[in-house]
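Trainee: Sequence:
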Amino acid sequence: MKRWMSISLAVLLMLSVGCGNKAEKTVEIPEDIVANETTDIDKQEEVHKFTETDFEGFFKDYFSFTEEELLILNQSRATTDEGYWDNLQKFYQPLLKQKLGKYLTDGVKNKLNTQYIKSEVDLPKWVLINDYIVSGKAEVENIQIKSTRPLGEQTVYEVAVTTVNNCYPVDTFVKDYSWGEKEGYLIKKGEGVVATNTTLDGIDIKGLENQRYIFSEKPDAIKLEQDFWITVNDSEIFKVASVTNATSWGMSTDDKNKLIDTQHITRVAFESEPTKKQGEILTQLATILMQQPESTYDYYKVAYNTNADAYIKFWDYLGLEQVFTVDKESYKVAFHREISPYKDEISSLKPNMGAITITPSVFSTKNQPRFVITIPTETLLKNNEVVYYNYKYYVGMENDKIETLQFMQIQKSNDVEYILGMSDADIAKVAEELQVDKDELIKAAQDAEMNIHDLVKAAKEQEKSPILIANESAAAKKALEDNNETTSNTTN
Numbered sequence: 160m161k162r163w164m165s166i167s168l169a170v171l172l173m174l175s176v177g178c179g180n181k182a183e184k185t186v187e188i189p190e191d192i193v194a195n196e197t198t199d200i201d202k203q204e205e206v207h208k209f210t211e212t213d214f215e216g217f218f219k220d221y222f223s224f225t226e227e228e229l230l231i232l233n234q235s236r237a238t239t240d241e242g243y244w245d246n247l248q249k250f251y252q253p254l255l256k257q258k259l260g261k262y263l264t265d266g267v268k269n270k271l272n273t274q275y276i277k278s279e280v281d282l283p284k285w286v287l288i289n290d291y292i293v294s295g296k297a298e299v300e301n302i303q304i305k306s307t308r309p310l311g312e313q314t315v316y317e318v319a320v321t322t323v324n325n326c327y328p329v330d331t332f333v334k335d336y337s338w339g340e341k342e343g344y345l346i347k348k349g350e351g352v353v354a355t356n357t358t359l360d361g362i363d364i365k366g367l368e369n370q371r372y373i374f375s376e377k378p379d380a381i382k383l384e385q386d387f388w389i390t391v392n393d394s395e396i397f398k399v400a401s402v403t404n405a406t407s408w409g410m411s412t413d414d415k416n417k418l419i420d421t422q423h424i425t426r427v428a429f430e431s432e433p434t435k436k437q438g439e440i441l442t443q444l445a446t447i448l449m450q451q452p453e454s455t456y457d458y459y460k461v462a463y464n465t466n467a468d469a470y471i472k473f474w475d476y477l478g479l480e481q482v483f484t485v486d487k488e489s490y491k492v493a494f495h496r497e498i499s500p501y502k503d504e505i506s507s508l509k510p511n512m513g514a515i516t517i518t519p520s521v522f523s524t525k526n527q528p529r530f531v532i533t534i535p536t537e538t539l540l541k542n543n544e545v546v547y548y549n550y551k552y553y554v555g556m557e558n559d560k561i562e563t564l565q566f567m568q569i570q571k572s573n574d575v576e577y578i579l580g581m582s583d584a585d586i587a588k589v590a591e592e593l594q595v596d597k598d599e600l601i602k603a604a605q606d607a608e609m610n611i612h613d614l615v616k617a618a619k620e621q622e623k624s625p626i627l628i629a630n631e632s633a634a635a636k637k638a639l640e641d642n643n644e645t646t647s648n649t650t651n
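Under our numbering, think of the first position of the sequence shown as 160, with each following residue one higher.
Hints listed in this document are in silico derivations from the structure and should not be mistaken for laboratory results. Careful: at least some of the hints might be erroneous.
Unchecked claim - Straight-line Cα separation of at most 27 Å, DSS-like style, residue types lysine-lysine; simulated pairs: (1) 597 <-> 619; (2) 277 <-> 347; (3) 341 <-> 219; (4) 616 <-> 509; (5) 616 <-> 551; (6) 636 <-> 623.
What the hints assert, rightly or not - With beta-carbon atoms standing in for the labels, derived distance ranges: (7) 458 <-> 288: 38 to 46 Å; (8) 436 <-> 606: 31 to 39 Å; (9) 559 <-> 306: 53 to 61 Å; (10) 509 <-> 596: 26 to 34 Å; (11) 489 <-> 226: 40 to 48 Å.
We put the CB at the ideal spot given by N, CA and C, even for glycine.
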């Protein structure tokens with residue numbers, strides 16, 4: 160049984176096209192950093208450069224604060240509040256010294272002895288992402304240094320950290336937490352704590368509840384990429400002078416402590432590809448959807464409009480009941496009424512199932528993987544014109560069963576993309592990444608009768624040139640054909 164909650168899924172589906180790629184962001188750089196870009200090149204070469212490995216210990220400790228500790232550390236009390244100094248001396252100072260003290264410069268530690276260091280250290284916080292409240296505590300999965308810039312006797316590193324964070328549906332979160340006006344941050348509800356559930360940090364909870372989305376009943380997690388500016392001393396010893404959210408310059412100080420402070424965060428797909436079983440189920444689904452005559456989809460609409468039992472029987476009729484999980488109360492939210500590929504006067508379909516792609520969506524969670532299936536298809540219109548399209552379906556799963564199916568869009572394509580399973584622009588990107596000529600890559604794939612996705616995957620797995628792999632495959636096929644022809648002639 161699912162609990163339905165917020166987000167406008169239609170909007171998310173539009174955003175999830177190409178969801179395997181992280182969107183580029185324009186990072187706002189402070190003037191003092193830009194001004195130092197002209198530092199003498201010889202001096203830059205003498206500066207010790209730290210690597211991702213040097214940052215690993217820092218970020219593991221940085222994201223290791225418990226959720227309870229982060230509630231205390233992120234308080235923003237007024238200096239006149241009686242709890243201001245008590246929080247600083249009893250909790251803030253000892254917690255930061257214990258977890259991060261060994262990484263901080265002497266100047267920052269000296270300041271910490273007397274006051275908060277919030278201008279030097281932005282700490283992890285609870286944030287709101289796609290109607291999930293996401294914990295600041297996280298597991299660090301990957302660290303990437305994106306750029307470095309000199310700043311006097313220090314260097315500013317732009318670092319992207321991929322993290323796995325626990326997440327909670329808003330309606331679950333508000334049962335345990337509320338916004339504390341005195342604390343200037345979230346507080347955990349308890350005895351004597353009086354709070355309303357109608358708003359949370361200015362967010363209209365009732366408004367969210369009127370929308371819809373499926374949430375897992377089990378504890379769940381999402382994957383994020385978080386960008387930081389880390390200012391480090393130019394020395395052999397790793398010492399941090401500041402850690403700041405990479406896009407927070409120019410942001411209102413009042414907003415930096417709130418759930419909407421997500422400028423430096425990008426949600427990414429939880430997995431890079433489907434599991435073998437998921438791939439088999441999704442390929443089976445795509446194959447069956449594209450093999451049906453148009454009349455089948457008339458039956459689909461009737462079943463959809465009748466009731467849940469009739470809808471379940473439709474999937475049983477197609478032999479897919481065992482891979483679907485249909486909630487009888489909310490199936491019309493999880494599944495689209497319009498899933499037919501027969502659009503725009505199309506009379507027949509010829510999908511290239513060997514070139515379909517299954518791309519994990521950024522809206523995937525640990526428990527609920529989400530995918531975009533792209534199916535290259537040659538179509539025959541009712542006027543006998545042949546047109547090529549890419550069909551896209553959005554599919555949600557849990558426990559290796561399909562729990563949501565949405566038709567996303569139909570995109571105009573061409574015969575090359577139909578055969579190779581990739582657009583010309585994407586082929587150019589892949590060719591550049593693999594350092595091969597695009598036209599040679601296309602010819603090799605065509606000669607080997609392979610789609611580009613499979614060819615690139617094989618090249619990476621075998622650590623060979625995709626051209627070499629395609630040529631080997633084509634040669635092997637020709638040898639097999641020659642052998643079969645020889646055998647046939649001998650027999651005759």
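Trainee: Are the hints correct? Go through all of them and say.
Mentor: We went through each hint and held it up to the structure:
1. 597 <-> 619: holds (17 Å)
2. 277 <-> 347: Given pair residue 277, residue 347 holds - Cα atoms ~22 Å apart, limit 27 Å.
3. 341 <-> 219: violated (31 Å)
4. 616 <-> 509: Measuring from Cα to Cα gives roughly 25 Å; hence the hint holds.
5. 616 <-> 551: Roughly 21 Å separates the two Cα atoms, so the pair holds.
6. 636 <-> 623: Given pair residue 636, residue 623 holds - Cα atoms ~19 Å apart, limit 27 Å.
7. 458 <-> 288: 38 to 46 Å: At roughly 39 Å between Cβ atoms, residue 288 and residue 458 fall inside 38 to 46 Å, so the hint holds.
8. 436 <-> 606: 31 to 39 Å: holds (33 Å)
9. 559 <-> 306: 53 to 61 Å: Roughly 41 Å apart at Cβ, these two residues miss the hinted range, so it is violated.
10. 509 <-> 596: 26 to 34 Å: Given a distance of about 30 Å, which is inside 26 to 34 Å, the answer is holds.
11. 489 <-> 226: 40 to 48 Å: Between residue 489 and residue 226, where Cβ atoms are some 30 Å apart, the hint is violated.
Against the hints set out earlier in the document, violations occur for numbers 3, 9, 11.
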